[in-house]
Amino acid sequence: MRAFDPHDSTPPIPGLIGAGPAMQKVYALTRLVARSNAAVLLLGETGTGKELIARAVHMLSPRGSGPYVRVNCGALSESLLESELFGHVRGSFTGAIDNRTGRFEAAHTGTVFLDEINSTTPKLQVKLLRVLQEREFERVGDTHTIRVDTRVIAASNRDLLEEIEAGRFREDLFYRLNVVPIHLPPLRERREDVPELIGHFLTVYNEENDRYVAHIEPGALEALEDYDWPGNVRELQNYIERAVVLAPGDELTCDLLPDAVLGVRRPGPKRLADADVETLVHVLVSQGIAEAGTEGADLHARIVNRVEKELISQVLASCDEIQTKAAAKLGINRNTLHKKLKEYGLDDAEEES
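Residue numbering for the sequence shown follows the numbering used here, beginning at 879 and increasing consecutively.
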């Protein structure tokens, strides 16, 4: 049995978990940029902790005593987001029964965090560019110019250079936001932090649910460390909460984890009936794909293997031959992918990203 102590190590920035090399770089850059007024662009997959870093930049900055305002740009339509960001005056549109202060105005002397900045429309991007350049804007339906002293931190879970190429994001806005970029590594690239994260979430959800799950089965820990975490820390958090709620005793065991983490495949679709297999064999023989006399079971296995090999090969190519990325994209455990690569003679891919 292994008991977890959340106080084994103190995170470099309060509230942030993980002391591995990848996160140490993030902490160092966060502390450094916090002292300035420069715009910060947080980049990383969903669930990597971009909002936690945004709050840390704010709290560690000279603006820490000022307001911190978060806006999820992907959750609102263009018209609602424009009003949310810049405010509006009474009568500017249907439903505008009173004047409203926008988030930029509310964040005066503090910080505004624009999450999912990649979701904004070209029209809004023009207004955002002006705020960044001139520190001024007008409320919707108004002509009075409002000046603000607000630091901007933005986040994107998409590659903004690709968005620029596709014509969905303004290049000039990108360079205004990208003064100091901070890349948040996915959890699969900082596996050494998984035990500490598990201990933290066990403590949190034990307290919330009045439980005492203080140990973890070695096999369960190994599975959690080996899993590629496509949903990152948020996915791990969800699985630990569920395990704490469902655990019959004080131990987190393998049966409390989902099949995906354990590398267990769900049953596939039903096999073809014998008559259907015979028909398929006849068609494939006539087209030269199979030889006469091929047994149905053998044919089924050959077709499955052929399709699986082609799928893995294509996914590997799309991931630049990086196994960890390919496994996450395929939705399988990294060890399972290793076995398949060896089986199909595709084991030349890189093991680390």
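Read the hints as simulated data drawn from the structure, not as lab findings. Any given hint might turn out to be false.
[Claimed, not checked] The calculated lysine-lysine pairs, modelled on DSS-like cross-linking and capped at a C-alpha distance of 30 Å, are:
{"id": "1", "residue 1": "K1187", "residue 2": "K1220"}
{"id": "2", "residue 1": "K1187", "residue 2": "K1218"}
{"id": "3", "residue 1": "K1207", "residue 2": "K1187"}
{"id": "4", "residue 1": "K1217", "residue 2": "K1207"}
{"id": "5", "residue 1": "K1220", "residue 2": "K1207"}
{"id": "6", "residue 1": "K903", "residue 2": "K1207"}
{"id": "7", "residue 1": "K1187", "residue 2": "K1217"}
{"id": "8", "residue 1": "K1218", "residue 2": "K1207"}
query: Which of the listed hints are not met by the structure?
result: none
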